[in-house]
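Protein chains in written order, with the working numbering: chain G, 27 to 139; chain P, 534 to 649.
Nothing false has been slipped in among the hints.
Pairwise CB distance ranges (calculated):
hint: 1; chain 1: G; residue 1: Gly40; chain 2: P; residue 2: Val562; range: 45 to 55 Å
hint: 2; chain 1: G; residue 1: Ser88; chain 2: P; residue 2: Gln575; range: 26 to 36 Å
hint: 3; chain 1: P; residue 1: Ser613; chain 2: G; residue 2: Ser88; range: 41 to 51 Å
hint: 4; chain 1: P; residue 1: Ser617; chain 2: G; residue 2: Lys79; range: 32 to 42 Å
hint: 5; chain 1: G; residue 1: Thr33; chain 2: P; residue 2: Ile593; range: 21 to 31 Å
Distance condition first, Cα-Cα at most 25 Å in a straight line; then the derived BS3-like pairs of lysine-lysine:
hint: 6; chain 1: G; residue 1: Lys48; chain 2: G; residue 2: Lys35
hint: 7; chain 1: P; residue 1: Lys582; chain 2: P; residue 2: Lys601
hint: 8; chain 1: G; residue 1: Lys44; chain 2: G; residue 2: Lys64
hint: 9; chain 1: P; residue 1: Lys582; chain 2: G; residue 2: Lys67
hint: 10; chain 1: G; residue 1: Lys66; chain 2: P; residue 2: Lys648
hint: 11; chain 1: G; residue 1: Lys64; chain 2: G; residue 2: Lys45
hint: 12; chain 1: G; residue 1: Lys79; chain 2: G; residue 2: Lys45
hint: 13; chain 1: G; residue 1: Lys44; chain 2: G; residue 2: Lys79
hint: 14; chain 1: P; residue 1: Lys648; chain 2: G; residue 2: Lys67
hint: 15; chain 1: P; residue 1: Lys582; chain 2: G; residue 2: Lys66
hint: 16; chain 1: G; residue 1: Lys48; chain 2: G; residue 2: Lys66
hint: 17; chain 1: P; residue 1: Lys602; chain 2: P; residue 2: Lys591
Keep in mind that the hints were calculated from the coordinates and are not lab data.
What you are looking at is a predicted structure, and each value in this text was computed from that prediction instead of being measured.
Beta carbons are placed, not taken as given, at the ideal position from N, Cα and C, and that holds for glycine.
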Amino acid sequence: DTEVTQTPKHLVMGMTNKKSLKCEQHMGHRAMYWYKQKAKKPPELMFVYSYEKLSINESVPSRFSPECPNSSLLNLHLHALQPEDSALYLCASSQGTVNTEAFFGQGTRLTVV
Amino acid sequence: AQSVTQLGSHVSVSEGALVLLRCNYSSSVPPYLFWYVQYPNQGLQLLLKYTTGATLVKGINGFEAEFKKSETSFHLTKPSAHMSDAAEYFCAVSPNYNNAGNMLTFGGGTRLMVKP
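Between the sequences and the hints, there should be enough to build the whole structure, so can you do that?
Here is the structure:
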């Protein structure tokens, strides 16, 4: 199994809503990542979890809150988002933190209205 | 700090023609280098990567890339384009030190169009 599964595939939320994006992998990978991709732009790193601990936060606003409940799961909690946060959110995982391939999920297309 | 530049946001080739997608990086030390492909409304799939060793790297779907340190380049090539190669291609770098994670920094992307 070389899949990273993201749910939901599409999400529309209002600016006052609270929602969560979920990511799951069963490859035994110990590093997991959230990336944000705006239309016609490259992905931008948001967060890195290494061995279930947050190791990197790329100055992401607090309305985005990551959580890693266990080594297979990664969540991104969303609250009070703005329309400009609409984007494709990509989850990725890798076996380690150096010199290993990152596997990406298919993403969650988020629209904030 | 690292950066990646992909020359040409759009490249159009005829089916059967050579594909050449250009990537140059800027880094104080040679980083790890990757090429990813993204089809519409999909995630990213790794085509190939360079970490150490042989500078000519072969990947999936007939793609290959050559790491040229003197030119700080990692251009992607394929001898003969197929219609199914039409997609967005991203060159990416990550630092080659421990605990960096796959902190990928992506280039701006190149959209490859293949004409019949």
